[in-house]
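Asker: Model the placement of chain F on the given structure of chain S, informed by the hints.
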Amino acid sequence: MTAVLTVRELRKAYDGQPVVDGFSLTLNRGECYGLLGPNGAGKTTTLRLMLGLIEPDGGEVSLMGYAVPRQARAARLRVGVVPQADNLDPDFTVAENLMVYGRYFGIKDAEVEAALPALLEFANLAHKRDAKIPTLSGGMKRRLTLARALVNDPDVIFLDEPTTGLDPQARHMIWQRLRELTVRGKTLLLTTHFMEEAERLCHRLAIMDHGRMVAEDTPREMIAKNIEQQVVEVYGEQAEAWARDHAAHYTQRFEVSGESAFCYVNDAQPLLAHLRARADLRYLHRPANLEDVFLKLTGREMRE
Amino acid sequence: MSRHHFALPRLSIRFFPIWRRHLLVWKKVAATSILGHIADPMIYLLGLGYGLGSLLPHMGGTSYMVFLAAGTVCYSTMNSASFEALYSGFARMHEQRTWEAIMNTPVTLDDIVLAEILWSATKGMLSGVAVLAVAWLLGLTHSAMALWLIPLSVAVGLCFAALGLVMTALAPAYDFFMYYFTLVVTPMMLLSGVFFPATQLPGAWQHVSAMLPLTHAVDLARPLLSGITPPHALLHVAALFGYMLLGFYVSLVLFRRRLSR
Chain S
21 MTAVLTVREL RKAYDGQPVV DGFSLTLNRG ECYGLLGPNG AGKTTTLRLM
71 LGLIEPDGGE VSLMGYAVPR QARAARLRVG VVPQADNLDP DFTVAENLMV
121 YGRYFGIKDA EVEAALPALL EFANLAHKRD AKIPTLSGGM KRRLTLARAL
171 VNDPDVIFLD EPTTGLDPQA RHMIWQRLRE LTVRGKTLLL TTHFMEEAER
221 LCHRLAIMDH GRMVAEDTPR EMIAKNIEQQ VVEVYGEQAE AWARDHAAHY
271 TQRFEVSGES AFCYVNDAQP LLAHLRARAD LRYLHRPANL EDVFLKLTGR
321 EMRE
Chain F
13 MSRHHFALPR LSIRFFPIWR RHLLVWKKVA ATSILGHIAD PMIYLLGLGY
63 GLGSLLPHMG GTSYMVFLAA GTVCYSTMNS ASFEALYSGF ARMHEQRTWE
113 AIMNTPVTLD DIVLAEILWS ATKGMLSGVA VLAVAWLLGL THSAMALWLI
163 PLSVAVGLCF AALGLVMTAL APAYDFFMYY FTLVVTPMML LSGVFFPATQ
213 LPGAWQHVSA MLPLTHAVDL ARPLLSGITP PHALLHVAAL FGYMLLGFYV
263 SLVLFRRRLS R
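Here the protein sequences line up with chains S and F, keeping their order.
The letter at position 284 of the first sequence is residue 304 when you use the numbering used here, and the numbering goes up by one with no holes.
The letter at position 259 of the second sequence is residue 271 when you use the numbering used here, and the numbering goes up by one with no holes.
Chain S on its own, in the form it takes in the complex:
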């Protein structure tokens, strides 16, 4: 496997506060890699550093073999970007947006014109070719932004929270398109805080917090290595008192959050037998998932 992106010991601080704090990463050709982290973990800043949009305080980035930020212009020729916030040109039609964006890469109008049907088909926007941007739904705008990121036929695509703010239908459609891109051999780097998204799409993922990588693995291994196999969630007014008196006896590890107790166990049977006798408590038994790992590694406190 060849690396399309190598990041070594990347650092960036704002006003003395480290935002990216010794971050390293290798992205292999053809993989979909997820960067997970709570708000303020440094995901977007890391992406901007990798694209050469801001100067790092330290560390090295090599993107498509180009040293970033020094050769960022050449690197960005081979990269597509789907930004977090929509920044389509509101004065233009769908087709004009793609045409004008292609020009920034130095692509001739005739070439974009030739690629247009396939791009619009991919974005499921063939019927909206001449529609103005303000008339599009949120999902359509996202799909157009994705199509726009493909206008230069990039090798790598950076996606910053590509499905934030979309309804489930629109989100599933984006996921399907991203899967198609990996099938076509594109390399994807996406940030998200939807665990489901990461679990479904990514070959490998990293959990990032306070500007550092705290874990990196395949989704399955990430769960297997970092957390007990089963989770029993216990709810009710008595949950906290119950957890204080009994949880330690039945669980490997437990956490109390409000009127819920999260019990992490490798064998749930003794705990379930105990809970069946407690009519004052409700409970939910499920396999451990990525969100459990995420919360374990980054904590339950709110991030603002």
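Since the hints were made in silico from the structure, they are not lab data.
The beta carbon of each residue, even a glycine, is placed where N, CA and C say it ideally should be.
Any given hint could be a false lead.
[As the list claims (entries may be wrong)] Stretch by stretch, here's where chain S covers chain F in the computed footprint (C-beta under 8 angstroms, at least three residues): (1) 28-34; (2) 108-115; (3) 118-130.
[Said to hold, decoys possible] Listed below are the simulated DSSO-like cross-link pairs for lysine-lysine, each with C-alpha atoms no more than 27 angstroms apart in a straight line: (4) Lys148/S x Lys40/F; (5) Lys206/S x Lys161/S; (6) Lys148/S x Lys39/F; (7) Lys161/S x Lys148/S; (8) Lys245/S x Lys40/F; (9) Lys245/S x Lys39/F.
[As the list claims (entries may be wrong)] Pair by pair, the computed Cβ-Cβ distance ranges are: (10) Val220/F x Ser157/S: 47 to 57 angstroms; (11) Asp173/S x Ala245/F: 44 to 54 angstroms; (12) Gly42/S x Ala245/F: 40 to 50 angstroms; (13) Gly254/F x Asp187/S: 51 to 61 angstroms; (14) Leu23/F x Ala146/S: 52 to 62 angstroms; (15) Pro199/F x Asp187/S: 49 to 59 angstroms.
Answerer: Relative to chain S, chain F alone:
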């Protein structure tokens, strides 16, 4: 501020697709836009020209209308370039995030700022040329030398576009631009000999006037419109380009700082 922000501009031909983008947007609204750009200077030129002109039949050997026409070409260019650099530039940078979209391509911030200056200057030139055309139609000028006002309006447009972008780089919101127009643009219009000769100003103000970019522009435009080679032409041209280079560099440093997050 880090030292990266102070690097000299690195320019490339990649500014051109951005300029084309602005042109394409403008083409869609050109009809109303041109009307607005011409109407305002026309009202001043005709209203003040005929009204005051009848009271002040001659000024420096020419009619007041001719005197005013030269000033109007300059201030109309200034207004139009400033407006584009401030309000429209801010919309593209901040509200629409157009710059953010462009920076994800091989285009850099330096290219974007250059394109903003060139585009705002284009808008300024269009206004200046429109006023010049009307002055020609009204028979206020017959000299071929008046055609020099076309390149002059490009220079004036570049100068005020670059100065305006400094404000855009500093602006927290649109309201901020009111200060620039009421405290800088309007006083400059009154101090730069657009409506009356700067020699009418009190002594100290004449020194201020002599430093202002619009004064340099008017001092070139007025003789040219009457078919006379302007005295100290090189000095005036150098002053306009000096202001432009200063505005370009300062705005670029400020934009780099603003967008480095």
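Asker: Give a verdict on every hint.
Answerer: Tested hints:
Here's how the segment 28-34 of chain F fares: 4 of its residues keep a CB closer than 8 angstroms to some CB of chain S, so the rule of at least three is met and the hint holds. For the segment 108-115 of chain F, the stated coverage by chain S is satisfied: 7 residues place a CB nearer than 8 angstroms to a CB of that chain, which reaches the threshold of 3. Given as covered by chain S, the segment 118-130 of chain F passes the check, having 3 residues with a CB less than 8 angstroms from a CB of that chain where 3 are the minimum. The straight-line distance between the Cα atoms of Lys148/S and Lys40/F is roughly 19 angstroms, inside the 27 angstroms bound, and the hint therefore holds.
Taking the CA atoms of Lys206/S and Lys161/S, the gap is about 21 angstroms. The hint holds against a cut of 27 angstroms. The hinted pair formed by Lys148/S and Lys39/F meets the criterion: a straight-line CA distance of about 22 angstroms does not exceed 27 angstroms. For the suggested pair Lys161/S and Lys148/S, the alpha carbons sit about 11 angstroms apart, so the restraint of at most 27 angstroms is met. Our distance criterion of 27 angstroms between C-alpha atoms is broken by Lys245/S and Lys40/F, whose separation comes to about 58 angstroms.
At roughly 59 angstroms between alpha-carbon atoms, Lys245/S and Lys39/F are farther apart than 27 angstroms, so this suggested pair is violated. The given range of 47 to 57 angstroms is respected by Val220/F and Ser157/S, whose C-beta atoms sit roughly 56 angstroms from each other. Checked against the given bound of 44 to 54 angstroms, the beta carbons of Asp173/S and Ala245/F, roughly 52 angstroms apart, stay inside it. Range check, Gly42/S to Ala245/F: Cβ separation about 59 angstroms, and the 40 to 50 angstroms hint is violated.
Against the hinted window of 51 to 61 angstroms, the Cβ-Cβ separation of Gly254/F and Asp187/S comes to about 56 angstroms, which satisfies the hint. In this structure the hint that Leu23/F and Ala146/S lie 52 to 62 angstroms apart at CB is violated, the actual value being about 39 angstroms. The beta-carbon spacing between Pro199/F and Asp187/S, approximately 53 angstroms, falls within the hinted interval of 49 to 59 angstroms.
Of the numbered hints stated above, those contradicted by the structure are hints 8, 9, 12, 14, listed in ascending order.
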